[in-house]
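Peer 1: Numbered per the numbering used here, the sequence shown spans residues 143 to 299.
Worth flagging that the hints you see were computed from the coordinates, not collected in a lab. Just so it is clear, the structure is predicted and the values come from calculations on it, not from any experiment. Glycine included, every Cβ here is placed at the ideal spot set by N, Cα and C. Don't take each hint at face value.
[Said to hold, decoys possible] The calculated label-pair distances, taken between Cβ atoms and stated as ranges, are:
#1 G239 x N144: 15 to 25 angstroms
#2 Q188 x R276: 20 to 30 angstroms
#3 A250 x E207: 17 to 27 angstroms
#4 E277 x E205: 29 to 39 angstroms
#5 F268 x Y206: 36 to 46 angstroms
#6 R276 x E217: 36 to 46 angstroms
#7 E217 x A161: 32 to 42 angstroms
[What the hints assert, rightly or not] The calculated lysine-lysine pairs, modelled on DSBU-like cross-linking and capped at a C-alpha distance of 30 angstroms, are:
#8 K298 x K226
#9 K150 x K226
#10 K298 x K189
#11 K226 x K195
#12 K195 x K150
#13 K189 x K226
#14 K298 x K150
#15 K189 x K150
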Amino acid sequence: MNIEIERKFLVEDWGWWQAGMAWVSLRQGFFERAADYTLRVRIQEQKALLSLKSNADKLTRLEYEYEIPLQEGEELLAHFCQGKIIEKTRYFIPQDGLLWEIDVYQGANQGLITAEIELPDAETVFHQPAWLGRELSYDFRYSNENLARQPINTWKE
């Protein structure tokens, strides 16, 4: 079990982009919604992960993650996550001993770019780059689970 402490932000512009950055393609599917937890399967390159995360607190969550055979991950996406899948490219930016993960969404969430940083504890102070926009950590609409179920192109704002 891990304890995950994350902050999430909207990305305002492409000032973070650098040629040759490390990146990975991701597909994430979500199982039926539950009040206390999120269950998802992620395909990351040639690897599949099954994750269970608590929904207790917006910044601090319990996380269990297990690697599963790729074929089983693909089958879970196809049979149990239909209509609840997001696709994105994740870029990695190390900064001051921490790691920014920049997600550029595709498909029904095209145009959305978010940045997440995982912290060792909730009081950790970190530098907020100029390309960061407003914080989304407490806005459930921007959770990956919600973006899979209600993509931004369906929002009426």
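Peer 1: Look at each hint and say if it fits the structure.
Peer 2: Against the structure, the hints come out as follows:
1. One distance hint, 15 to 25 angstroms for the beta-carbon pair G239 and N144, holds here, with the actual separation near 18 angstroms.
2. Restraint check, Q188 to R276: a C-beta distance of roughly 35 angstroms breaks the suggested window 20 to 30 angstroms.
3. The beta-carbon spacing between A250 and E207, approximately 25 angstroms, falls within the hinted interval of 17 to 27 angstroms.
4. The given range of 29 to 39 angstroms is broken by E277 and E205, whose C-beta atoms sit roughly 21 angstroms from each other.
5. The hinted window of 36 to 46 angstroms between F268 and Y206 is violated, with their beta carbons roughly 26 angstroms apart.
6. Taken as a hint, the range 36 to 46 angstroms holds for the pair R276 and E217, whose Cβ atoms sit roughly 38 angstroms apart.
7. One distance hint, 32 to 42 angstroms for the beta-carbon pair E217 and A161, holds here, with the actual separation near 37 angstroms.
8. Between the alpha carbons of K298 and K226 the distance comes to roughly 19 angstroms, so the proposed pair stays at or under 30 angstroms and holds.
9. Of the supplied pair hints, the one linking K150 and K226 holds, its CA atoms being roughly 21 angstroms apart against a limit of 30 angstroms.
10. Between K298 and K189 the alpha-carbon distance is near 36 angstroms, which puts this suggested pair outside the 30 angstroms criterion.
11. Restraint check for K226 and K195: satisfied, since their Cα atoms lie roughly 17 angstroms apart, inside the 30 angstroms limit.
12. As the CA atoms of K195 and K150 are separated by approximately 16 angstroms, the hinted pair is consistent with the 30 angstroms bound.
13. The straight-line distance between the Cα atoms of K189 and K226 is roughly 19 angstroms, inside the 30 angstroms bound, and the hint therefore holds.
14. A C-alpha spacing of about 22 angstroms is found between K298 and K150, which places the hinted pair at or below 30 angstroms, so the restraint holds.
15. A C-alpha spacing of about 24 angstroms is found between K189 and K150, which places the hinted pair at or below 30 angstroms, so the restraint holds.
In summary, the numbered hints that this structure violates are 2, 4, 5 and 10.
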